[in-house]
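S.K.: Fit chain W to the known structure of chain H by using the hints.
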Amino acid sequence: MAHDHGSRHGSDSGGPLWGVMAEFHDPAALSRAAEHVKQAGFSKWDVYSPFPVHGMDEAMGLKPSKVTMVMAFMCIAGFASAWLMQWWMGEVDYPIAVAGKPLFAWEQATPILFELSVLFSAFGALFGMLMLNLLPRWNHPLFGKPRFLRVSDDRFVMAIESNDPKFDEGSVRRMFESLGGTHIDRVEEGA
Amino acid sequence: MTTLQPDQATALGLTRVGTHGFDPETLDGTLVSDPALRPPLVLGNRDFHSVTNTICGWVENPTPKWWMPAFAVASGIAGLGTVMIVFLIITGVGVWGLMNPVMWSWDITNFVWWVGIGHAGTLISAILCLLKQKWRTSINRFAEAMTIFAVICAGTFPGIHVGRVWMAWMLFPIPNANWIWPNFRSPLLWDVFAVGTYFTVSLLFWYMGMIPDLATLRDRAINRMGVKVRLGPLGLPGLGFLDRITNRIELPLNTIAAYAYGFLSVGWRFSARHWNNYEKAYLMLAGISTPLVLSVHSVVSFDFAVSIVPGWHTTIFPPYFVAGAIFSGFAMVLTLLIPARALYPGMKDFVTARTVENMCKIITVTGSMVGFAYMMEFFIAWYGGNTFEIQAFVRRAFGPYWWAYWIMVTCNVVSPQVFWFKWARTNIPFIFLISIVVNIGMWFERYVILTTLSGDYMTSSWGYFSPTYVDIFTFIGSLGIFLTLFLLFCRFLPMLALSEVKNVMPQANPHWSGYDKGHGSHGSHAKHGGGH
Numbered sequence: 041m042a043h044d045h046g047s048r049h050g051s052d053s054g055g056p057l058w059g060v061m062a063e064f065h066d067p068a069a070l071s072r073a074a075e076h077v078k079q080a081g082f083s084k085w086d087v088y089s090p091f092p093v094h095g096m097d098e099a100m101g102l103k104p105s106k107v108t109m110v111m112a113f114m115c116i117a118g119f120a121s122a123w124l125m126q127w128w129m130g131e132v133d134y135p136i137a138v139a140g141k142p143l144f145a146w147e148q149a150t151p152i153l154f155e156l157s158v159l160f161s162a163f164g165a166l167f168g169m170l171m172l173n174l175l176p177r178w179n180h181p182l183f184g185k186p187r188f189l190r191v192s193d194d195r196f197v198m199a200i201e202s203n204d205p206k207f208d209e210g211s212v213r214r215m216f217e218s219l220g221g222t223h224i225d226r227v228e229e230g231a
Numbered sequence: 002m003t004t005l006q007p008d009q010a011t012a013l014g015l016t017r018v019g020t021h022g023f024d025p026e027t028l029d030g031t032l033v034s035d036p037a038l039r040p041p042l043v044l045g046n047r048d049f050h051s052v053t054n055t056i057c058g059w060v061e062n063p064t065p066k067w068w069m070p071a072f073a074v075a076s077g078i079a080g081l082g083t084v085m086i087v088f089l090i091i092t093g094v095g096v097w098g099l100m101n102p103v104m105w106s107w108d109i110t111n112f113v114w115w116v117g118i119g120h121a122g123t124l125i126s127a128i129l130c131l132l133k134q135k136w137r138t139s140i141n142r143f144a145e146a147m148t149i150f151a152v153i154c155a156g157t158f159p160g161i162h163v164g165r166v167w168m169a170w171m172l173f174p175i176p177n178a179n180w181i182w183p184n185f186r187s188p189l190l191w192d193v194f195a196v197g198t199y200f201t202v203s204l205l206f207w208y209m210g211m212i213p214d215l216a217t218l219r220d221r222a223i224n225r226m227g228v229k230v231r232l233g234p235l236g237l238p239g240l241g242f243l244d245r246i247t248n249r250i251e252l253p254l255n256t257i258a259a260y261a262y263g264f265l266s267v268g269w270r271f272s273a274r275h276w277n278n279y280e281k282a283y284l285m286l287a288g289i290s291t292p293l294v295l296s297v298h299s300v301v302s303f304d305f306a307v308s309i310v311p312g313w314h315t316t317i318f319p320p321y322f323v324a325g326a327i328f329s330g331f332a333m334v335l336t337l338l339i340p341a342r343a344l345y346p347g348m349k350d351f352v353t354a355r356t357v358e359n360m361c362k363i364i365t366v367t368g369s370m371v372g373f374a375y376m377m378e379f380f381i382a383w384y385g386g387n388t389f390e391i392q393a394f395v396r397r398a399f400g401p402y403w404w405a406y407w408i409m410v411t412c413n414v415v416s417p418q419v420f421w422f423k424w425a426r427t428n429i430p431f432i433f434l435i436s437i438v439v440n441i442g443m444w445f446e447r448y449v450i451l452t453t454l455s456g457d458y459m460t461s462s463w464g465y466f467s468p469t470y471v472d473i474f475t476f477i478g479s480l481g482i483f484l485t486l487f488l489l490f491c492r493f494l495p496m497l498a499l500s501e502v503k504n505v506m507p508q509a510n511p512h513w514s515g516y517d518k519g520h521g522s523h524g525s526h527a528k529h530g531g532g533h
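Line by line, the protein sequences are chains H and W. Residue numbering for the first sequence follows our numbering, beginning at 41 and increasing consecutively. Residue numbering for the second sequence follows our numbering, beginning at 2 and increasing consecutively.
Simulated from the structure, these hints should not be mistaken for laboratory data. Quick caveat: nothing in here was measured; it's all calculated off a predicted structure. Be a bit skeptical, because a hint or two may be false.
Computed footprint of chain W on chain H, listed as stretches where at least three residues anywhere in the stretch have a Cβ under 8 Å from a Cβ of chain W [claimed, not checked]:
1. 64-76
2. 79-86
3. 125-132
4. 162-169
5. 208-214
25 Å max Cα-Cα, derived PhoX-like pairs, lysine-lysine [what the hints assert, rightly or not]:
6. K206/H - K103/H
7. K206/H - K78/H
8. K106/H - K229/W
9. K106/H - K78/H
10. K103/H - K133/W
11. K141/H - K106/H
If you want the ones that stay clear, here's a sample from chain H, every Cβ over 10 Å from chain W, calculated [to be verified]:
12. L57
13. F91
14. E229
15. G230
Where is the CB? At the ideal position from N, CA and C, for every residue including glycine.
Pulled out of the complex, with its shape left as it was, chain H reads as follows (with noise of 0.2 Å):
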């Protein structure tokens, strides 16, 4: 989020340029300008859209979410925690016994087993996900655009960033346009 109204508000901050930013009126438009841009073979851009759109990720030729690999690694590290704390605490560091069970089984382990896998999973997906969209981040160029607020409502934008090695600020105005794409804008940095 940014600061300082006047950099929210005015288009030309002065700092140096992020990328060119342009809205579509549909999802149906931003999968057609997606599969387009993924074909000219550019790779530092993305869009934005209220919700997920369907198809996107073939759109954009994006792989699998690693986000299942987080949360294997987590739930073999609950299960394991949960089978090392129960062992060690049970049989090895204070064994007492009660009604005659043993002081160690799988079987009355597998409650406690079963709810560490899914707890640490849990943190897994949330906090791996998180971690694999670098969130938190509360700055960004584009929090700067008045006109962006408004993907979290109706819009659908699309941004190719300058740093991409076949960015071109006129060429990417044009492919914008020719893709149907309005409200064509530059994106400056230290907004």
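M.R.: Coordinates of chain W only, in the frame set by chain H:
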């Protein structure tokens, strides 16, 4: 496109609703019985912008007139409960009606009842998500919030019944000065882990689902940041002079909102690369929550089933507890949803008559499952031929607590059967009544199970438990805590999952081309383009 996409059928259905308007046969148009026609999930010919405006409006508009009195009553009752808990702590558990042999009673009844209520949230958000039941999008946020508040109420009871409340931390495997660890072979400890995990995972699931919607509230608050909010007249009787002061007070509430929602939404910017990870994480979380929701009440039932008390030591307990939990959870969702649906303008467009009807059907299914479990308990007691087991069940139905047993059967088994009839499933006030009846019935189910303690093996240790006023007011107080939290949720957080609701609208489909082949989308674009 030669085949009709599911969302196209939805769109066609929506058009039909639009032309015919209100149809008494199908209530709001969503109760169409033709299975080929998928009823629309969002009514009122809404576009994305009007969905955002309506749902965010509940948070952003001035506090509704009914909210303050409702909050005052709820927090007053919560205060009463707090006084009772403090009284219990400074005096001792003797202020409850606990006695020998009924050494567990309303505290555990309330605990099991509240945990059970908490099951609907995860069921709706996880299991119905995996089953691709799109109607869940309008109620999942609501039900998840309810889950978290119900589990908070539930967690209070074991916390305070331990007697020495300041030792409650010893429930957890924390190193302590006595060098001892909890007994991992006890179902009571499994319970700590099961309920603790359930609460944490529900909270993570709820929060993760809310991140995009908090970002929407953030962006709208940023646009209002320069506008200060006037406190305005308090309207307190006899204190009119204060209004002159409060009329002049201006608060930077929009700035506070922008920073608060901004902080909580972690800088979410609706990027497709982020949605890619988000959707997978959400689906996986739903996947692991599904066995979790089934495990929690199974573990709670182990508290009873692993003991050797006649009437408790049965293998039917886990599935029977889970069915009862879903049953009571759906009833509680309806109890809260029906007034909210009436009080919040526009909510009926999202929570359609069909959504309510679907919930009634689930109540009938799960109610019949618990009814079947009640029958099986008696059958197995008789078929097993164990004298003590037979005695426990005969005593349950015809002993000193016969009245509790028959209230339970009437409320849980008989009352939900009315939903076999369509008029009952579509009559909103009647559904509200039944939902409360089911809540009462489920409370009595937990109570009936607990009172099995009043007569086990030895006649010398038979007794009759009666609650004291502290028991009763602590329970009522927990209802107050629940309602207080719920009212705060309704006031400050997005009650419906905005991005999910938008995603099930026909316009969200990239292959959608308008209700009338293309012209509709252009028309709505022209309307959008004019804004701001």
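S.K.: It remains to establish, for every hint, whether it holds in the given structure.
M.R.: Going through the hints against the structure:
Coverage of the segment 64-76 of chain H by chain W holds. Counting CB-CB distances below 8 Å, 7 residues qualify, and the rule asks for three or more. Figure legend: the segment 79-86 of chain H, annotated as covered by chain W; annotation inconsistent (1 residues with Cβ-Cβ distances under 8 Å, at least 3 required). For the segment 125-132 of chain H, the stated coverage by chain W is satisfied: 4 residues place a CB nearer than 8 Å to a CB of that chain, which reaches the threshold of 3. Given a C-beta distance limit of less than 8 Å, the hint that chain W covers the segment 162-169 of chain H holds, as 6 residues qualify and 3 suffice.
Residue count for the segment 208-214 of chain H with a Cβ under 8 Å from a Cβ of chain W: 0. That is fewer than the three needed, and the coverage hint is violated. In summary, the hint linking K206/H to K103/H is supported, as the alpha carbons are separated by about 21 Å, within the 25 Å threshold. Restraint check for K206/H and K78/H: the C-alpha separation of about 12 Å stays at or below 25 Å, so the hint holds. At most 25 Å may separate the alpha-carbon atoms for a hinted pair to count; K106/H and K229/W exceed this at roughly 44 Å.
A threshold of 25 Å between alpha carbons decides the hint, and for K106/H with K78/H the separation of about 21 Å falls inside it, so the pair holds. At most 25 Å may separate the alpha-carbon atoms for a hinted pair to count; K103/H and K133/W meet this at roughly 23 Å. At roughly 42 Å between alpha-carbon atoms, K141/H and K106/H are farther apart than 25 Å, so this suggested pair is violated. For L57/H, the condition that its CB be more than 10 Å from all CB atoms of chain W holds, with the nearest at approximately 19 Å.
With a closest Cβ-Cβ approach of about 4 Å to chain W, F91/H is found to fall inside the 10 Å limit, against its non-interface label. At the 10 Å boundary, the C-beta of E229/H stays outside the reach of chain W, the nearest C-beta of that chain being 15 Å off. No beta-carbon of chain W comes within 10 Å of the beta-carbon of G230/H; the shortest separation is about 16 Å.
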